[in-house]
Amino acid sequence: MKSPTSLPKPVHSHKLQIIIITGLAGAGKSTALNAFEDMGYYAIDNLPVFLLKELQTKAGTEHLPNSKLALVMDCRDPSFLPSFTPVVTQTSSCIDKEILFLDCDEEVLLRRFSQLRRQHPLATEGTIREAIIKEKRTLQPLLSQATRVIDTSRITPHELARQLRKIYGNQDAADRFVMNLMSFGFKHGPPAETDITWDVRFLPNPYFVPELKPFTGLDERVAQYVLENETSRRFFALLEPMLEFLIPQYRKEGKAQLTIGIGCTGGKHRSVAVVEMLKQFLSHRNVKLFVDHRDIDKA
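Quick note: the sequence shown, position 165, residue 178 per the working numbering, numbers continuous.
Wrong hints could be hidden among the right ones.
What the hints assert, rightly or not - Within a straight-line C-alpha distance of at most 16 Å, the following computed EDC-like cross-link-like pairs (lysine to aspartate or glutamate) qualify:
(1) 179 x 266
(2) 149 x 119
(3) 66 x 111
(4) 301 x 51
Hints are computed from structural coordinates only; laboratory data are not their basis.
Let's have the full structure, built from the sequences with the hints guiding it.
In structure tokens form, the structure reads like this:
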């Protein structure tokens, strides 16, 4: 079996790069496809062989919108085995192809199907074990064609994704980590899409200061009122090192983006000022920042 670490790192070029992900059901193909999508690949699951043939033909004559494709192809397509080898062995000066085969021990696959309560795609008749044995035997010829084989028997989905990023990733992919900062008002409902939410209703509230009430946290006077006090300084003294710690941990686990919600009562003053402060703090942290003041214009 080929070791994933013994092969050279793939050469990235301006050609159409196709990674064909195949292998055993339950071995991690969906995890792999998600990892490639996070690295900027256009990802397609369960692509029929005839469409790969058409794609290869078009690559030589048409401009495709994405030069990196990750395709899952396997026994769910009835024509997969008889048609795959003739199509995949076609060569083109416009295409770099790689076959990634995900393998796994029989007992581990049985345990995974049992834990997830999933049906094996080939288990139309007989037991899951029989379906696994049948698929292993059916796909055996592909092992010799595979550019890279990864045995997932003893690794977690996170470890598989991390390994794929190490093999196929590049600096551009690493720099794609996105951070969304959202201010909101609890009276309008908390956002469902946040990964982390902080309630800043303990900070001084400009709403009760007549000369500040009409303005928002984008106004310098409002921001000073919210931020330039002992409570706010202590809060940021705790928050900033926490973010310095958390961001690399989320990146290491393979998250492509992190959404942080900052909430106050109405979403107009305190949460806006805090998000703007965080934007300034994170602007030099090698992340792509997006800011959304969700409720700033609401009454």
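Here's how the hints hold up against the structure:
Between the alpha carbons of residue 179 and residue 266 the distance comes to roughly 12 Å, so the proposed pair stays at or under 16 Å and holds. Proposed proximity of residue 149 and residue 119 is supported: the alpha carbons are some 9 Å apart, at most 16 Å. Between residue 66 and residue 111, the direct Cα distance comes to roughly 15 Å. Compliance with the 16 Å bound is thereby established for this hinted pair. The straight-line distance between the Cα atoms of residue 301 and residue 51 is roughly 14 Å, inside the 16 Å bound, and the hint therefore holds.
Hint violations for this structure: none, all hints satisfied.
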